[in-house]
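Between the sequences and the hints, there should be enough to build the whole structure, so can you do that?
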Amino acid sequence: MSSQIAPQLVFAERLDVLRRQLHEESLSVQNVAHYGTHYEPFADHLRREILKCLADVKTLVGIATADNLHNGNRQLTSLQRRAAALFGEALALKLADSIRRLAGDDMCVIGDKLLAEFGAAVTFQLPQLTTMADTDYYGTYSQAIRLRYPTNSIWGLPVLAHEFAHSFGPYWTVKASTAQHPRDKFVQTAGLGTPLVHDEYFCDLLATFLLGPAYVCTCIVDRFVPSFDRDTPTHPSDPKRAWWVLTGLNLLSELLDDTDDRADFKSISQELWTFWDSYSRSSGHDDLSAVEAHSLEVAIGILFDDLRKDLVLAPYTRPRIAWGLKADFSAQIASNCSTITVRDVLNAAWLIRLDYYKSGRVLDSSVQRWAVNLLKRIC
Amino acid sequence: MEINEIRRQAASDALRELDGAFQKVQARYDRKHKLRTLLHQSNSTVSLQKLANHLAQIRQNATTFHQGALDKSINEPISWAEEQLELLKTILVEARDLAVDLRAFEIDKSSLDQGTTFLFEDGNLHLQASKDGLAGLGKIWEEAFTLAGGICLRHERLDNGLCRIAEALIEEANWIRGKAFAIPSRTGVSILPNVVHLRFPEWTIWALPLTAQEVWQLRLRSSGPGRLSGSEKLLEAVLEHTRTRKDGQDKAKELDASAQNVWGNADFQRCIGDVFGVFALGPAYACACIDLTLDPNEESSKQRALSIFRALAFVDDYNLIQTTLRNQWQEVVGDLGNLAHELWIDAVWAFLTTTPSGFIVDRWREQRSELVDALRNIQLSKLSPARVKLRYLINAAWKARLEFPAETDQIATRCKEFADALVTAMEESITGGLSY
Numbered sequence: 554m555s556s557q558i559a560p561q562l563v564f565a566e567r568l569d570v571l572r573r574q575l576h577e578e579s580l581s582v583q584n585v586a587h588y589g590t591h592y593e594p595f596a597d598h599l600r601r602e603i604l605k606c607l608a609d610v611k612t613l614v615g616i617a618t619a620d621n622l623h624n625g626n627r628q629l630t631s632l633q634r635r636a637a638a639l640f641g642e643a644l645a646l647k648l649a650d651s652i653r654r655l656a657g658d659d660m661c662v663i664g665d666k667l668l669a670e671f672g673a674a675v676t677f678q679l680p681q682l683t684t685m686a687d688t689d690y691y692g693t694y695s696q697a698i699r700l701r702y703p704t705n706s707i708w709g710l711p712v713l714a715h716e717f718a719h720s721f722g723p724y725w726t727v728k729a730s731t732a733q734h735p736r737d738k739f740v741q742t743a744g745l746g747t748p749l750v751h752d753e754y755f756c757d758l759l760a761t762f763l764l765g766p767a768y769v770c771t772c773i774v775d776r777f778v779p780s781f782d783r784d785t786p787t788h789p790s791d792p793k794r795a796w797w798v799l800t801g802l803n804l805l806s807e808l809l810d811d812t813d814d815r816a817d818f819k820s821i822s823q824e825l826w827t828f829w830d831s832y833s834r835s836s837g838h839d840d841l842s843a844v845e846a847h848s849l850e851v852a853i854g855i856l857f858d859d860l861r862k863d864l865v866l867a868p869y870t871r872p873r874i875a876w877g878l879k880a881d882f883s884a885q886i887a888s889n890c891s892t893i894t895v896r897d898v899l900n901a902a903w904l905i906r907l908d909y910y911k912s913g914r915v916l917d918s919s920v921q922r923w924a925v926n927l928l929k930r931i932c
Numbered sequence: 002m003e004i005n006e007i008r009r010q011a012a013s014d015a016l017r018e019l020d021g022a023f024q025k026v027q028a029r030y031d032r033k034h035k036l037r038t039l040l041h042q043s044n045s046t047v048s049l050q051k052l053a054n055h056l057a058q059i060r061q062n063a064t065t066f067h068q069g070a071l072d073k074s075i076n077e078p079i080s081w082a083e084e085q086l087e088l089l090k091t092i093l094v095e096a097r098d099l100a101v102d103l104r105a106f107e108i109d110k111s112s113l114d115q116g117t118t119f120l121f122e123d124g125n126l127h128l129q130a131s132k133d134g135l136a137g138l139g140k141i142w143e144e145a146f147t148l149a150g151g152i153c154l155r156h157e158r159l160d161n162g163l164c165r166i167a168e169a170l171i172e173e174a175n176w177i178r179g180k181a182f183a184i185p186s187r188t189g190v191s192i193l194p195n196v197v198h199l200r201f202p203e204w205t206i207w208a209l210p211l212t213a214q215e216v217w218q219l220r221l222r223s224s225g226p227g228r229l230s231g232s233e234k235l236l237e238a239v240l241e242h243t244r245t246r247k248d249g250q251d252k253a254k255e256l257d258a259s260a261q262n263v264w265g266n267a268d269f270q271r272c273i274g275d276v277f278g279v280f281a282l283g284p285a286y287a288c289a290c291i292d293l294t295l296d297p298n299e300e301s302s303k304q305r306a307l308s309i310f311r312a313l314a315f316v317d318d319y320n321l322i323q324t325t326l327r328n329q330w331q332e333v334v335g336d337l338g339n340l341a342h343e344l345w346i347d348a349v350w351a352f353l354t355t356t357p358s359g360f361i362v363d364r365w366r367e368q369r370s371e372l373v374d375a376l377r378n379i380q381l382s383k384l385s386p387a388r389v390k391l392r393y394l395i396n397a398a399w400k401a402r403l404e405f406p407a408e409t410d411q412i413a414t415r416c417k418e419f420a421d422a423l424v425t426a427m428e429e430s431i432t433g434g435l436s437y
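So the protein sequences, as listed, match chains A and B. Its first residue numbered 554, the first sequence is counted upward by one per residue in our numbering. Its first residue numbered 2, the second sequence is counted upward by one per residue in our numbering.
In short, the hints are calculated from the structure, not lab data. C-beta: ideal position from N, C-alpha, C; glycine also. Careful, some of the hints might be misleading.
For lysine to aspartate or glutamate, the following EDC-like pairs were computed, each having C-alpha atoms within a straight-line distance of at most 16 Å [claimed, not checked]: (1) A/Lys911 to B/Asp318; (2) B/Lys33 to B/Asp98; (3) A/Lys738 to A/Asp863; (4) B/Lys254 to B/Asp347; (5) A/Lys819 to B/Asp317; (6) A/Lys911 to B/Asp317; (7) B/Lys390 to B/Glu172; (8) A/Lys738 to A/Asp858; (9) A/Lys819 to B/Asp318; (10) B/Lys390 to B/Glu408; (11) B/Lys390 to B/Asp98; (12) B/Lys252 to B/Glu237.
Rough simulated footprint, nothing fancy, chain B against chain A, three-plus residues with beta-carbon under 8 Å [said to hold, decoys possible]: (13) 632 to 646; (14) 876 to 890.
Dropping the structure here:
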């Protein structure tokens, strides 16, 4: 009797373990639907993805022989990685309800509302769900969007626009166009880095398009750092992203009909440019090179044009409402909630915050409190 | 009898006459308003229609009783009564129509009494202090007749309702204690507390922002509890605020050193009043000054213009209008000159930003396009009086006028209409009369 462990047996064992795990998880995920109808579409989508993975696992059953084991192992490893991602999404979805209840639902409810606004703006019918995690993230399989924990501040909400763009991008189709999938075309051909890098550029621009100054302010003031000046395989450098979103804001301002409103947007953009330049220099970093800037300029022009032509309801071009809310805050009077959106409140909050900086005041909690109260009334 | 004795007696008599004159003015308008009230009450207390119905019933009863045609001795009196009734109805309708303009006297009695008492006491103080009783009383006399004349002009609506709009604008600015009373006038700044003279060309909607200068002057002249005058209190507030600012100690010392020479100077205070005007009423104040009132041949006007441009420069949103007005002014004046009191203007502006009187630029950004469109396209019904303030409306009118000069007259008409509607809506919560 041989004392050797047969590789084929080990392979079959591993395959069976994965198959059982996927099968059990496909049943378990169904329970998420019981948390409420809100979670049902996400659970259904995830279950479909798990079943697809399970079907692919089943195709490997019985094919492992001594001759093609290497190929079988390669496929199994790929499926295991895919399954790991699915299990992670399943865990996140199961935890979503608990997290939202235990860590405070307010921001997530507001986040859901913001995502719904984005969806309506781009006529995107898929439901959206916000939960919390250690980083901002869009889960492709569960389609749940994570806000970075701790999520007790409105200032992180604009990042949802970027995550929404990850969700929407693959579904964006344009009829009667040479490129029916402009996002895919951009991701494949932009020439600014890897496809993942291109996707980040896409999401930054769409976020700027959808949310206006609030997104750009969040990036420039709160998130980007001049010293993160190298592209990674998955993300462009922060200086490039800063250039990208600031230019996006300038392009967005051109969509405003009113010359005074346009001038206001541009003046915000100019203030942020000045801040970023000063931040960069004080950190010992230079501007982008002319070559880098030119490449970005060409790419952003093409992509923005696609957005402008197709997503006609989407751009944030309502500065007057944000100004009005800012005036209400200064005068300490109640705002009329019947016509304002989460986007308006976030933009107003950022305009107030910029004023604090310009007048040398320290930002206190009054802006956050005011915004949260208003957002709760809207939601 | 000594001459001074005679003059003192004459002055004393004149002051008593003054007191009586206002009572007569008020009594006259009270009678007119009572007439209107009676005429309108007659509509409900005397039912002419019922009377007509009764006459008709009498005719019918008589016809029935006499089985057909009425005898002349019965028919004639009934017919005469019917004719007279018709005539009475026609006369009453016409009388009510004519009486509709007889409005209630705009200053309530106690407030008018306070105003006249102020003049009377001021006059008596002067009498006691002065050897020549009549000298210097001219100012009081002038003020009294300006007040009386202004009240009458206003009451007869010869100001086209602009005075009440000016009052509402002053109230929005929230700079003086109590309610202001605006009257059309030919003379300079009033000596009465809370009375604002609207001088030519301030009898148009375009010039209304100029009331901000009057309001600044009112505050300077005001006196309240404590030993300091309004002017002294403002000076102290500006200096104190400057001291508390970063690097403000040296600036405050410099201001303090020049205050004695500068603060009481009338030309200087007009420049500061202009700074206040831009602060409280926005670019419209600057437009009214530069385009309507400042004389390019006067040195004082040049300083005022420079003060206005300096004030406009404090707000980014005003850059475009500042450039426009500066270019307009430079075309007529040639050499702009140099601003004499930059340090003071900067200090006053910084102090003003701590007060609640400022023109809210964010609200202006929110509403300007909608207001300009409404003024140009007669879509005033879309604007809600609850959301719109006069300051923004008048600024929108000026903006529309500068961008679409061919439409000036229509814009003025619509602006006036909507301003009237706004003030009517506000007046429901405003108590009437002067208050001190």
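These are the hints, each one checked on the structure:
{"no.": "1", "hint": "A/Lys911 to B/Asp318", "in the structure": "15 Å, holds"}
{"no.": "2", "hint": "B/Lys33 to B/Asp98", "in the structure": "14 Å, holds"}
{"no.": "3", "hint": "A/Lys738 to A/Asp863", "in the structure": "15 Å, holds"}
{"no.": "4", "hint": "B/Lys254 to B/Asp347", "in the structure": "15 Å, holds"}
{"no.": "5", "hint": "A/Lys819 to B/Asp317", "in the structure": "12 Å, holds"}
{"no.": "6", "hint": "A/Lys911 to B/Asp317", "in the structure": "12 Å, holds"}
{"no.": "7", "hint": "B/Lys390 to B/Glu172", "in the structure": "11 Å, holds"}
{"no.": "8", "hint": "A/Lys738 to A/Asp858", "in the structure": "13 Å, holds"}
{"no.": "9", "hint": "A/Lys819 to B/Asp318", "in the structure": "12 Å, holds"}
{"no.": "10", "hint": "B/Lys390 to B/Glu408", "in the structure": "22 Å, violated"}
{"no.": "11", "hint": "B/Lys390 to B/Asp98", "in the structure": "33 Å, violated"}
{"no.": "12", "hint": "B/Lys252 to B/Glu237", "in the structure": "14 Å, holds"}
{"no.": "13", "hint": "632 to 646", "in the structure": "violated (count 0)"}
{"no.": "14", "hint": "876 to 890", "in the structure": "holds (count 6)"}
Hint compliance for this structure: hints 10, 11 and 13 are not met, and every other hint is.
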